[in-house]
Amino acid sequence: DAGITQSPRYKITETGRQVTLMCHQTWSHSYMFWYRQDLGHGLRLIYYSAAADITDKGEVPDGYVVSRSKTENFPLTLESATRSQTSVYFCASRDRGEETQYFGPGTRLLVL
Amino acid sequence: KQEVTQIPAALSVPEGENLVLNCSFTDSAIYNLQWFRQDPGKGLTSLLLIQSSQREQTSGRLNASLDKSSGRSTLYIAASQPGDSATYLCAVSAGGTSYGKLTFGQGTILTVHP
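Protein sequences appear in the order of chains W and Y.
Everything in the first sequence is counted per our numbering, starting at 4 for the first residue and increasing by one.
Everything in the second sequence is counted per our numbering, starting at 210 for the first residue and increasing by one.
Don't take every hint at face value.
[Unchecked claim] Cut-off 20 angstroms, straight-line C-alpha distance, at most; resulting in silico cross-link-like pairs (SDA-like, lysine to any residue):
| hint | chain 1 | residue 1 | chain 2 | residue 2 |
| --- | --- | --- | --- | --- |
| 1 | Y | K310 | W | V63 |
| 2 | W | K60 | Y | K210 |
| 3 | Y | K210 | W | V63 |
| 4 | Y | K310 | W | R71 |
| 5 | W | K60 | Y | K310 |
| 6 | Y | K251 | Y | A295 |
| 7 | Y | K310 | W | I57 |
| 8 | Y | K310 | Y | P217 |
| 9 | Y | K310 | W | D59 |
Since the hints were made in silico from the structure, they are not lab data.
This structure is a prediction, so every number in the text was calculated from the model and none was measured.
Let's have the full structure, built from the sequences with the hints guiding it.
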């Protein structure tokens, strides 16, 4: 039972590059979420998805793009990385009718 | 805009002590409140979920209470152990079209020393 996985776990990139963070869940949960965690701000919602091909903005969506062509995958793309996007990124999922969210292990991203 | 505050930011206690972590939120129109645990370098693990209509939930040595009208929740940990050392986060979920989206507090870093 793999649950929810994220890749890569660690990433170093340069300003201006495109970066894609992957999230995969094996439960076929309807809802998926992307959060970033920063000192002084806690976890903040970037984007969420209620089902395949249905996505919506969260609290801090600027500079990020998401897609969800398959239920189990929810990639997050930084189109042109900036230093302010250095953070730890968490993916989460929740099944329709359930309320507990299940979190992945996180991706630590450093933008130089 | 919902804001969630956790007090204290850090807590260090000797093993065996009972302790209380506090969480407050500004908008009482919540759907539920969840407490999570986060170990260093790891993801979040859900500990307890309290529906807005409930007053408390218990799991083992953990008890969470909710006073929706005053915008407060507490997490009570009985007979603390070194293995309880972690960051504890509370998060509230709004209803309606925001259903399921969580607003988090900044967490309380708990250290239980032998």
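Going down the list of hints, with the structure as the test:
Proposed proximity of K310(Y) and V63(W) is supported: the alpha carbons are some 13 angstroms apart, at most 20 angstroms. Among the hinted pairs, K60(W) with K210(Y) is consistent with the structure: their alpha-carbon atoms are about 15 angstroms apart, no more than 20 angstroms. With a C-alpha separation of about 13 angstroms, the suggested pairing of K210(Y) with V63(W) holds against the 20 angstroms cut-off. For the given pair, K310(Y) sits about 17 angstroms from R71(W) by alpha-carbon distance, which is consistent with the 20 angstroms threshold.
At roughly 11 angstroms between alpha-carbon atoms, K60(W) and K310(Y) fall within 20 angstroms of each other, so this suggested pair holds. With a C-alpha separation of about 10 angstroms, the suggested pairing of K251(Y) with A295(Y) holds against the 20 angstroms cut-off. About 15 angstroms separates the Cα atoms of K310(Y) and I57(W), which keeps this hinted pair within 20 angstroms; it holds. At roughly 24 angstroms between alpha-carbon atoms, K310(Y) and P217(Y) are farther apart than 20 angstroms, so this suggested pair is violated.
Straight-line distance between C-alpha atoms of K310(Y) and D59(W) comes to about 11 angstroms, which keeps the hinted pair within the 20 angstroms bound.
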